[in-house]
Amino acid sequence: MPGPLALAIWYVGIVLEIAFVVCSIARKSFFRYLFLNTYFLLGLGSDAARYYFLSRFGQSSGEYCYAYFYTDALLTLALYIALISLYARVFGELRFNRHVRFGAALLLLGTALFSYAVVAQSEKRLTTDFAYELSQNLYFVGLVLTYILWGAVLKLRETRTRLVQFILALGLYFSAYAACYALTNLSSRYSVVQYMSGAIGCLLPLTWTFTMLRHTEESRLEPARLLAVAR
Amino acid sequence: MSRKLAALALVLAILVCSMGLKTALSTGHADSAVMVANGPAPAPTGPQPHPTR
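Those protein sequence lines, which keep their order, are chains A and B.
No gaps in the numbering here: position 12 of the first sequence is 12 in our numbering, and each next residue is one more.
No gaps in the numbering here: position 50 of the second sequence is 1050 in our numbering, and each next residue is one more.
Pulled out of the complex, with its shape left as it was, chain B reads as follows (with noise of 0.2 Å):
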């Protein structure tokens, strides 16, 4: 039961780390900028989804 306690209690730590991180980097706008990752196509340039929107 401990163990499976500690998993989760690492999982949500490192979901709060990188949350935390995207925020940072966001520069703390709800509006910021689309992450365009993941191979060297070029980025769409029309409206783009954004949810927190």
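The shape of chain A in the complex, shown without the other chains (with noise of 0.2 Å):
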């Protein structure tokens, strides 16, 4: 079993998931923000089959490394689903949404045949693999579409304050766990790069929950305000 530093940080980690889903059908957004929801909703299942393999086999168990890595595969598929979700509504208004949904399962495509190129050769473990380097590769291109939305957002001037929280939460997420594979190539040998990938887990729930409850759907800002520098 992990440390209780790293079993407290997923603790709250899972808290936190519920308390987005708890604040959605509270604030009557469960079904406006579904595929966000979605995503949290099996985050909770994959925690579950986590725990369950993690407890049964152990950390560095053949088992847990399957389980984890399957269900990443999945949560990002979800998380990238989320994101097309983020781009339908804010594309919403100039009715761009076709264009939307078949530009993503372009990119979807694309994707899972470049996934598929890079492990072509491995026979034994080729699903197992696939489903790995699919994981690794929209987690990418999910970085760099939440770029682009965030782009989009200050070009199109989006004043709907959760959706800007929720591209610029995204953001942040996507970035910390990109600085965060960074630092562990440069140097995984220090203890606390392995309890910043939990800890940044911890990051989306939480300000997405934050943003639920502190604003409505009728709140509105002016994006263009952070753009504005100093004279």
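Hint data in this document are derived by calculation from the structure and do not stem from the laboratory.
Cβ coordinates follow ideal geometry from the N, Cα and C atoms, glycine included.
Be aware that one or more of the hints could be misleading.
To be verified - Some residues of chain A that are not near chain B, with every Cβ distance over 12 Å (derived):
1) R32
2) R50
3) Q59
4) L77
5) T111
6) A169
7) R214
Unchecked claim - Covered stretches of chain B, going by a simulated chain A footprint (3 or more residues, C-beta under 8 Å):
8) 1008 to 1021
9) 1038 to 1044
Claimed, not checked - Short, incomplete list of chain A residues facing chain B, as computed with Cβ under 8 Å:
10) A6
11) I9
12) D72
13) V144
Build the complex: two chains, separate frames, hints provided.
Quick look at the structure:
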């Protein structure tokens, strides 16, 4: 079993995931943000599966490793769909929904083909390697898409506070994981890096729950102010 | 037709940017660390999948 700090971070994360779903239901926004809620519900299911394998086989077992990376692939796919749902909301008023869906499907297909090309030689563990590679690649596609969406939010002068905060939080989350990934490659021997990914995992449910609690659907702000510089 | 080609070009550009970013962050090594994302669960410490290895 992992140490008490890692377990504490995990429990906090689970509580925050539940909090987001509960807040959505309480604020009558569950179906409005269905894909965000689905992501957290799948996250809770993944946590349950991971806990089962962790307590039964241990953190260094192959079973936990498989459970971890298969659920990770599923969650990355769910997060990608959640991100596309945010795209659909931003571009919804411009009636670009069809184009967004088509582009998202095309991008997913392209990522899947690219991932398959990378793992095609692996005959023994093709499914596992493909799930792992797709998850990793889709993650970076999501990172780039979030920045593009933020550019669109600024360009279109999006004013819906919740939507803006959700996108900003997602950008922060993706960027923090990317930084953690780079740091792991540079200095994986430092134990603090091991706790970082768990702590970052709490960031998204925390910021989204805060947004859901603090702002209503009618709240508006002006993201153009973020670009203002002191003269 | 041109719209479809534009969409294809955009998708390819995003894919190239993403994979470029991934390579840059992995500091150019093929045997780079595994990205552990999605959720606060502790990452496995055993042997991890690595197709490029």
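- Hint by hint, which ones does this structure get wrong, listed from lowest number up? 2, 3, 4, 5
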